[in-house]
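K.L.:
Starting from the known structure of chain A, fit chains B and C onto it as the hints suggest.
Residue numbers (numbering that gives the first Met the number 0), protein chains in the order written: chain A, 0 to 401; chain B, 0 to 250; chain C, 0 to 393.
No wet-lab data here; the hints were simulated from the structure. C-beta atoms are modelled at their ideal positions from N, C-alpha and C, and glycine is treated no differently. Careful: at least some of the hints might be erroneous.
[To be verified] Calculated lysine-lysine pairs in the DSSO-like style (CA-CA distance at most 30 Å, straight line):
1) C:K388 <-> A:K106
2) A:K130 <-> A:K106
3) A:K68 <-> A:K106
4) C:K388 <-> A:K68
[To be verified] Which chain C residues face chain B? A few, computed with CB under 10 Å, are given here:
5) M97
6) P101
7) A356
8) L370
These are the residues of each chain, in order.
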Amino acid sequence: MIHLDGVTKRYGDTVAVDDLTLDVAEGEVCVLIGPSGCGKTTTLRMINRLITPTSGRIMINGQDASELKAEELRRSLGYAIQSVGLFPHLDVAANIAVVPRLLGWDKPRLRGRARELLELVGLEPEQYMGKYPRQLSGGEAQRIGVARALAADPPVLLMDEPFGAVDPLNRGRLQGEFARIQRDLHKTVVFVTHDIDEAIRLADRIAIMRDGRLVQYDTPETILDNPVDHFVRDFVGSDRALKRLVRVPVRDVMDTAPPVARRSAGAKEMLAEVGRTRFVYLVDEQGRLTGWLDRAQLKGGCTVEDALSDADPAQVAVRPDASLKEALSRMLGLGFRSIAVVESDGRLVGQVTLGSVEGAMTESDEHQGARPAEHMAEYSAEDTSDDSVLESIASDDQGDCT
Amino acid sequence: MRPSRRTPVLAAFATFVFAWLLTRTSWLEAALKWAFPTEVSWLHPRADLVSLTVEHLAIVAISSGLTVLVGVPLGIWVTRSSGRDFRQLVAASVDLGQTFPPVAVLALAMPVLGFGFKPTIVALFLYGMFPVVSSTIAGLDSVPTSTLEAAKGMGMSPMQVLFRVELPLASRIIMSGIRTSVVINIGTATIGATIGTGGLGVPIIGGLATRNMAYVVEGALPAAVLAVLIDVLLGQVEHGFAVPLQEADSA
Amino acid sequence: MLTRSPDRVALTGAVLALVSALMLPAGTLRPNRLAQGDPHSWLAAGAILAVPMLALLLAVFASFLCSRSLRGHVLSSAGVLLIGGIALSLGALSESLMVDAPSIARVSIGSGTWLMLAGAAIVAFSGWQALMGKESASQGTHVRMVYPLATAAFLFAAVAFGGLDTISLAAEYGIRTAVFWPSVIAHLRLAGVSLVLGLAMGVPLGIIAARDARIRRVALGVTGIIQTIPSLAMLGLLIAPLAALSAAYPVLRQLGIRGIGETPAMIALTLYALLPIVRNTYVGLAEVDPAVVDAGRGMGMSRGQLLWRVEMPLALPLVLEGVRAGAVLLVGITAVTALVGARNLGSFIFEGLGQAAPDLILLGALPIIVLAIVADVGLSFIADAVTPKGVRAA
Chain A
0 MIHLDGVTKR YGDTVAVDDL TLDVAEGEVC VLIGPSGCGK TTTLRMINRL ITPTSGRIMI
60 NGQDASELKA EELRRSLGYA IQSVGLFPHL DVAANIAVVP RLLGWDKPRL RGRARELLEL
120 VGLEPEQYMG KYPRQLSGGE AQRIGVARAL AADPPVLLMD EPFGAVDPLN RGRLQGEFAR
180 IQRDLHKTVV FVTHDIDEAI RLADRIAIMR DGRLVQYDTP ETILDNPVDH FVRDFVGSDR
240 ALKRLVRVPV RDVMDTAPPV ARRSAGAKEM LAEVGRTRFV YLVDEQGRLT GWLDRAQLKG
300 GCTVEDALSD ADPAQVAVRP DASLKEALSR MLGLGFRSIA VVESDGRLVG QVTLGSVEGA
360 MTESDEHQGA RPAEHMAEYS AEDTSDDSVL ESIASDDQGD CT
Chain B
0 MRPSRRTPVL AAFATFVFAW LLTRTSWLEA ALKWAFPTEV SWLHPRADLV SLTVEHLAIV
60 AISSGLTVLV GVPLGIWVTR SSGRDFRQLV AASVDLGQTF PPVAVLALAM PVLGFGFKPT
120 IVALFLYGMF PVVSSTIAGL DSVPTSTLEA AKGMGMSPMQ VLFRVELPLA SRIIMSGIRT
180 SVVINIGTAT IGATIGTGGL GVPIIGGLAT RNMAYVVEGA LPAAVLAVLI DVLLGQVEHG
240 FAVPLQEADS A
Chain C
0 MLTRSPDRVA LTGAVLALVS ALMLPAGTLR PNRLAQGDPH SWLAAGAILA VPMLALLLAV
60 FASFLCSRSL RGHVLSSAGV LLIGGIALSL GALSESLMVD APSIARVSIG SGTWLMLAGA
120 AIVAFSGWQA LMGKESASQG THVRMVYPLA TAAFLFAAVA FGGLDTISLA AEYGIRTAVF
180 WPSVIAHLRL AGVSLVLGLA MGVPLGIIAA RDARIRRVAL GVTGIIQTIP SLAMLGLLIA
240 PLAALSAAYP VLRQLGIRGI GETPAMIALT LYALLPIVRN TYVGLAEVDP AVVDAGRGMG
300 MSRGQLLWRV EMPLALPLVL EGVRAGAVLL VGITAVTALV GARNLGSFIF EGLGQAAPDL
360 ILLGALPIIV LAIVADVGLS FIADAVTPKG VRAA
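Chain A extracted, bound-state conformation:
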């Protein structure tokens, strides 16, 4: 889809990009990564001709990019950048509609498209269409930046650290959503970042650059297992085994049938359920996580109401889009041996246990490069019923309840 052939960019005596040859296949996410000044952003900006290459050729969909009119080329390539660059004088709907307007779409179609894209990036259209950029948080602005890049449905997306300016929690969430969107849309994406976790999580292929040259161009798994040299090894870091978990979304390994009881059903049913499984998640009428009940906490002879713990889903649960690494670090941080998985509306859809994480790590060691999938979920389902795991759940809540 995108083919860079011996592309070089010189500024006077300095060489920003040195004889770079790179192929990005259709529907793939290619992440350009490297230390600052390695030429990754220059490379990206040469693809949509914001920078003109000194020599070499860039082919997009079989066509020489330099033969197209620069503006028309850019309109066919979605573009999202770290500083977002939303137009402050236009509301969100108009910001999203910039490229479609340049392409001459009519008004109803523009509004429909804006609504569609806001839904896609997880923002309530009615609430956001009329807002202005300065009324948005950093994370919301980044989401709208992505929506704007997707507006005219371009086959290719160019993204320059699009999630770089938000806090780590939001970045993880945005990455998860981007992975979900990409699963549906299959765009050809060139993505620049300096965050190796982000690269491993999102890339189909990673291009590691240094001093304007391509050092290694491979799948994340290969780069993690067979770094070509010391530079790549150091760049990837020593926690390569853990990094593999970044590749696995929670969705793929979660137990989709966690022990659960309705809070409204009353103490009797909750007790019956917890008697069977030692531990239950409590949900409301809509299936939203509200707390949990641990048999260990009932020992003091107190009532059910005393023993159950209230849950703030933002604290004690992960989203299905989150990576297994995030789920693991959350479990370790809370001292839990399992963690609930909830959708953005708070509905409980599954759980992840330490056992399933362990399984995913062994699995990916055995089958290098393959994504752990369904049988992993089976494994974790088995694991949840294991009493030894349950007993130590919510260990920090095990004290007396007076």
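P.N.:
Leaving out everything else, chains B and C in the frame of chain A:
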């Protein structure tokens, strides 16, 4: 204009040349004779250019001197706790005053103070206050609170904070207000000739009244050069003041 | 909440008003429009004024005991009441003086009146400030707008029914009604046309200046020098070459281009309008966030689309601020052009100076000040109205 290192030398040289040319009355007359051969007289009879220029500068110096003596302390006072109540009133009056056309202020001084030097000096003094007071307030406001806190924390008295920290940091902005004020006053002083003040406006007004173009140019040319020269010289003074808090990039 | 601390601003205004009422003349009766006359004090003539004056002093002292928003209303009403009282009693004074005087006699406004008005305005301002404060901001603008409207109503009443139409300024206007309004229109037309010419040249120049550093230095340097040249000198320097040109080429004279009159005036005014417009257009464009420009280019906007759809809308508030500053400047300089034969409100000033007729000077100067303030407020209002919602200050 962004002054380069050569600008002070050039400005000093230009000032010298200008002053010297003012004394060459016969050259001026010859040039005007060549340009306006149909006139019968080329130099305004009231006074020679040197004394007109000195007169002009004296008017501006007296009024602007008074302006600075009153305007800067006023600006300081309304930013102290003792005058803070009056800050809004002063700021609003200064904003309003700056929309008043200088010629209207000058004209209003005549019915009150009559003809001659006095009304012009008073009008220029009052009108010149607006930029000086507003720049003093703006300059003192531009000093970061953290700097003031640090100064107080080191045990400086309010007076020491004012004279050792605030005024040095604000001096450049205050000076730019003084510069604006002086340049406006030079321009307004030429119109002062209509109420008998004297200065370089005299040949211009006299020439317009008698339709003598030579008189008009005799006054207009040095008046224009004088204003530009003073602006450049004061610009040098302004840039010589303390390091600004952040170097402005625009010219 | 009780704020017992005295409002020093209001107190200052009240003291100023009181002292001027006691010490300075309210008006001067002169045998004719040029002669010196006898001053008349408020004490002798202004019985009507005693009521608002007392009300003002009472209000200022009472206000020390009120809550902030109530204090605002008390002081604003007192200030407005006093302004109205001054206008009405000045009219009454003028009428009573004119009863025994010959018809060519004039009653001029005295310094005591002007300073009392200033004092009343300070009191009203202090009340207005209290109303604009945070605690009472929720009351909405309509309540506050009562005060300016009441002031206007008082002044109108004083002119229409209160005898204010007998003072010398009104008499001077009466003599010149036929030329006054055409002069106002000529003034506005000359300043307006020059401003539009300045815009037509200044905005493109500002755009080019934002693109090219060398042109920027030249453009800002030259317009800066123009700005420092005294307006009278500039007009003088334009007259001579224009006169020579029109003498040499009769065609130009047929087109109306002459050394004296509107031509040099319009050229000078256009030149003076350039600096604020060029500078603000350039600064406005230079201040557009580079990320916004990069995003626009990256999405495939052409240079023109980027300029007109993104950069100019974002620079618009500053461009309009430049237009506002230019307009205020031109209203003043237009008056000076009366000296080179352009007829406008400035003509009254210079005729008045020539005849030493103070009221004629006022007839020119006051409307010019009013026009400048109207231009200032009006263009600020327009600038606010057309500023894109997303970039308006919160």
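K.L.:
All hints, please: hold or fail.
P.N.:
Going down the list of hints, with the structure as the test:
Simply put, K388 of chain C and K106 of chain A have alpha-carbon atoms about 20 Å apart, close enough for the 30 Å limit, and the pair holds. This hinted pair checks out: K130 of chain A and K106 of chain A have alpha carbons roughly 18 Å apart, not beyond 30 Å. Distance check on the hinted pair: K68 of chain A and K106 of chain A sit about 26 Å apart at the alpha-carbon level, within 30 Å; holds. For the hint pairing K388 of chain C with K68 of chain A, the CA-to-CA distance comes to about 34 Å; that exceeds 30 Å, so the pair is violated.
Because the closest C-beta pair between M97 of chain C and chain B is about 20 Å apart, greater than 10 Å, the hint is violated. Checking P101 of chain C against chain B: minimum C-beta separation of about 22 Å lies over 10 Å; hint violated. Interface restraint check for A356 of chain C: the shortest CB-CB distance to chain B comes to about 9 Å, inside 10 Å, so the restraint holds. Taking 10 Å as the C-beta contact cut-off toward chain B, the hint placing L370 of chain C at the interface holds, the least distance being around 9 Å.
In this structure, the earlier hints numbered 4, 5, 6 are contradicted, and the remaining ones agree with it.
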